[in-house]
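Number of protein chains: 2
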Amino acid sequence: MQYCVGTKVAIFEDNKLLRDGFEAICNGTPGLSCCGAYADSNSLIHKIERSNPDVVLMDIEMPGIDGITATRIITARWPDIKILIQTVFEDDDKIFNAICAGASGYILKSTPPAKMVEAIYEVQNGGSPMTPNIANRVLRLFQQFAPAVSTDNENYILSSREKEVLALMVEGNSFHNIASTLFLSYETIRTHVKRIYKKLHVASASEAVAKAIRQRLV
Amino acid sequence: MQYCVGTKVAIFEDNKLLRDGFEAICNGTPGLSCCGAYADSNSLIHKIERSNPDVVLMDIEMPGIDGITATRIITARWPDIKILIQTVFEDDDKIFNAICAGASGYILKSTPPAKMVEAIYEVQNGGSPMTPNIANRVLRLFQQFAPAVSTDNENYILSSREKEVLALMVEGNSFHNIASTLFLSYETIRTHVKRIYKKLHVASASEAVAKAIRQRLV
DNA sequence: CAAATTTTCACCCTGGCGGGGTATTGAAAT
DNA sequence: ATTTCAATACCCCGCCAGGGTGAAAATTTG
Numbered sequence: 002m003q004y005c006v007g008t009k010v011a012i013f014e015d016n017k018l019l020r021d022g023f024e025a026i027c028n029g030t031p032g033l034s035c036c037g038a039y040a041d042s043n044s045l046i047h048k049i050e051r052s053n054p055d056v057v058l059m060d061i062e063m064p065g066i067d068g069i070t071a072t073r074i075i076t077a078r079w080p081d082i083k084i085l086i087q088t089v090f091e092d093d094d095k096i097f098n099a100i101c102a103g104a105s106g107y108i109l110k111s112t113p114p115a116k117m118v119e120a121i122y123e124v125q126n127g128g129s130p131m132t133p134n135i136a137n138r139v140l141r142l143f144q145q146f147a148p149a150v151s152t153d154n155e156n157y158i159l160s161s162r163e164k165e166v167l168a169l170m171v172e173g174n175s176f177h178n179i180a181s182t183l184f185l186s187y188e189t190i191r192t193h194v195k196r197i198y199k200k201l202h203v204a205s206a207s208e209a210v211a212k213a214i215r216q217r218l219v
Numbered sequence: 002m003q004y005c006v007g008t009k010v011a012i013f014e015d016n017k018l019l020r021d022g023f024e025a026i027c028n029g030t031p032g033l034s035c036c037g038a039y040a041d042s043n044s045l046i047h048k049i050e051r052s053n054p055d056v057v058l059m060d061i062e063m064p065g066i067d068g069i070t071a072t073r074i075i076t077a078r079w080p081d082i083k084i085l086i087q088t089v090f091e092d093d094d095k096i097f098n099a100i101c102a103g104a105s106g107y108i109l110k111s112t113p114p115a116k117m118v119e120a121i122y123e124v125q126n127g128g129s130p131m132t133p134n135i136a137n138r139v140l141r142l143f144q145q146f147a148p149a150v151s152t153d154n155e156n157y158i159l160s161s162r163e164k165e166v167l168a169l170m171v172e173g174n175s176f177h178n179i180a181s182t183l184f185l186s187y188e189t190i191r192t193h194v195k196r197i198y199k200k201l202h203v204a205s206a207s208e209a210v211a212k213a214i215r216q217r218l219v
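Line by line, the protein sequences are chains A and B.
The first sequence runs 2 to 219 under the working numbering.
The second sequence runs 2 to 219 under the working numbering.
No lab work stands behind these hints: they were computed from the structure.
Treat the hints loosely; a few may be bogus.
In silico DSSO-like pairs for lysine-lysine, Cα to Cα no more than 27 Å straight-line [stated by the list, open to error]:
hint : chain 1 : residue 1 : chain 2 : residue 2
1    : A       : K212      : A       : K164
2    : A       : K116      : A       : K164
3    : B       : K9        : B       : K116
4    : A       : K212      : B       : K212
5    : B       : K164      : B       : K212
6    : B       : K212      : A       : K199
7    : A       : K110      : B       : K95
8    : B       : K195      : B       : K95
9    : B       : K9        : A       : K164
10   : B       : K195      : A       : K212
11   : B       : K212      : B       : K195
12   : A       : K116      : B       : K110
13   : B       : K95       : A       : K212
Assemble the whole structure, with the sequences as input and the hints as a guide.
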């Protein structure tokens with residue numbers, strides 16, 4: 002285990018040449034350092050705990066636990082760790098599953114080192130670097146799954162306070178809870194709720210919640 | 002109308018300065034040429050027919066027909082025209098709708114000219130350039146609507162009757178309504194609902210509805 | 001067949017929710 | 001300066017939702 006500074010990158014890649022190459026690239030880049038380079042995802046949790054990375058460079062095709070499963074495990078346990086998937090394939094199913102597993106980026110192995118380093122910086126800063134082709138597939142997947150919700154787009158203009166209340170309703174809070182959360186009177190919340198119902202053309206909390214989620218009002 | 006070579010770009014942008022700037026950038030770049038620069042989407046079809054672009058640079062915020070509607074119209078009629086959305090805002094709803102409307106890329110107006118030219122090349126070559134932050138939002142939207150395959154969920158094993166009741170709850174029906182819809186007693190519905198709550202670990206209709214929608218239980 | 005599960009129905013009670021008002025304040029728009 | 005609207009707050013009333021308990025058919029399962 003070496004001393005690590007800046008953004009700590011852990012590498013999961015079964016090909017030793019590539020693995021060593023990535024490690025060299027990381028350690029050779031100011032602000033980056035490799036805190037672990039592994040050939041497989043065995044003892045995954047232990048490896049992550051020991052290396053304590055900010056970003057994980059994850060190969061999808063690995064012996065044993067595959068990269069997508071590993072991604073799912075890591076994001077479930079460490080939501081703040083960014084995972085950059087890298088692969089030789091760009092098929093829809095893998096992309097879809099990787100995204101659902103919580104990947105923050107998806108790049109091809111053919112990506113030149115300079116772009117790869119840039120990608121690591123981007124995930125670290127909340128971005129989601131994707132090879133343009135991958136991005137295109139994501140958009141197409143999205144269009145494929147979205148029409149179910151993009152139906153009646155009435156323009157509901159809720160005030161900021163109303164949106165706030167609605168958001169808390171979606172989380173399942175009672176009006177009393179919402180009141181104490183926002184440091185407001187219970188009756189005030191009820192007034193807001195009544196207005197929300199009028200604006201959304203609904204008559205119950207469940208309906209409001211359903212509409213809020215479906216139309217992404219919160 | 003000027004003579005056009007290479008990739009023909011049409012620009013829709015209400016701000017004259019930006020519009021002229023983009024036009025200059027396009028015409029000043031080898032392989033690109035501006036085949037039309039418009040301040041609004043009036044006579045949209047006629048404008049597209051006349052300029053016959055390969056790529057459309059579309060501003061979302063425009064007087065009259067907004068950019069998303071324009072995108073929808075163009076992609077419906079000319080599926081091969083690539084549309085690059087550009088905007089100052091990066092809010093989820095606009096991104097979502099733009100993607101559903103068929104946009105091929107989504108960049109911020111703050112994108113430097115060099116990156117913008119690169120983005121035009123990328124859409125033309127089947128890619129989907131996105132600002133890293135936008136890409137991140139797209140991924141998050143995706144994760145929000147896609148957990149259909151994430152099997153690591155809890156014991157949400159609802160009986161078929163319970164799923165049926167839950168589905169009617171999601172549609173906003175009252176228990177009395179559900180009872181008469183299913184030709185059952187009101188008390189029966191209440192019993193089912195209580196069991197649903199226990200299984201989903203919730204304590205109200207709103208929570209159950211939210212969980213049902215989010216976890217794709219209906 | 002017996003056991004387990006699902007589905008069905010019933011009653012009581014408390015409290016929160018939905019609908020109807022009314023009213024004051026401050027900020028933004030005109 | 002006046003109007004409009006968002007945000008705040010309170011009242012009453014009725015009813016449905018949520019919780020507990022119990023139990024009897026029907027169906028699936030062992």
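Right, here's what the structure says about each hint:
Note on A/K212 and A/K164: the hinted pairing holds, with a Cα-Cα distance of about 12 Å set against a maximum of 27 Å. Between the alpha carbons of A/K116 and A/K164 the distance comes to roughly 40 Å, so the proposed pair goes past 27 Å and is violated. Between B/K9 and B/K116 the CA atoms are separated by roughly 18 Å; this keeps the pair inside 27 Å, and the hint holds. For the given pair, A/K212 sits about 13 Å from B/K212 by alpha-carbon distance, which is consistent with the 27 Å threshold.
Simply put, B/K164 and B/K212 have alpha-carbon atoms about 12 Å apart, close enough for the 27 Å limit, and the pair holds. Between B/K212 and A/K199, the direct Cα distance comes to roughly 24 Å. Compliance with the 27 Å bound is thereby established for this hinted pair. The suggested pairing of A/K110 with B/K95 is violated, with an alpha-carbon distance near 32 Å, which exceeds 27 Å. A threshold of 27 Å between alpha carbons decides the hint, and for B/K195 with B/K95 the separation of about 39 Å lies outside it, so the pair is violated.
Note on B/K9 and A/K164: the hinted pairing is violated, with a Cα-Cα distance of about 43 Å set against a maximum of 27 Å. Taking the CA atoms of B/K195 and A/K212, the gap is near 23 Å; set against the 27 Å cutoff, the hint holds. This hinted pair checks out: B/K212 and B/K195 have alpha carbons roughly 15 Å apart, not beyond 27 Å. Restraint check for A/K116 and B/K110: satisfied, since their Cα atoms lie roughly 23 Å apart, inside the 27 Å limit.
With a C-alpha separation of about 18 Å, the suggested pair B/K95 and A/K212 falls inside the 27 Å cut-off, and the hint holds.
Hint check: violations occur at hints 2, 7, 8, 9; the rest are consistent with the structure.
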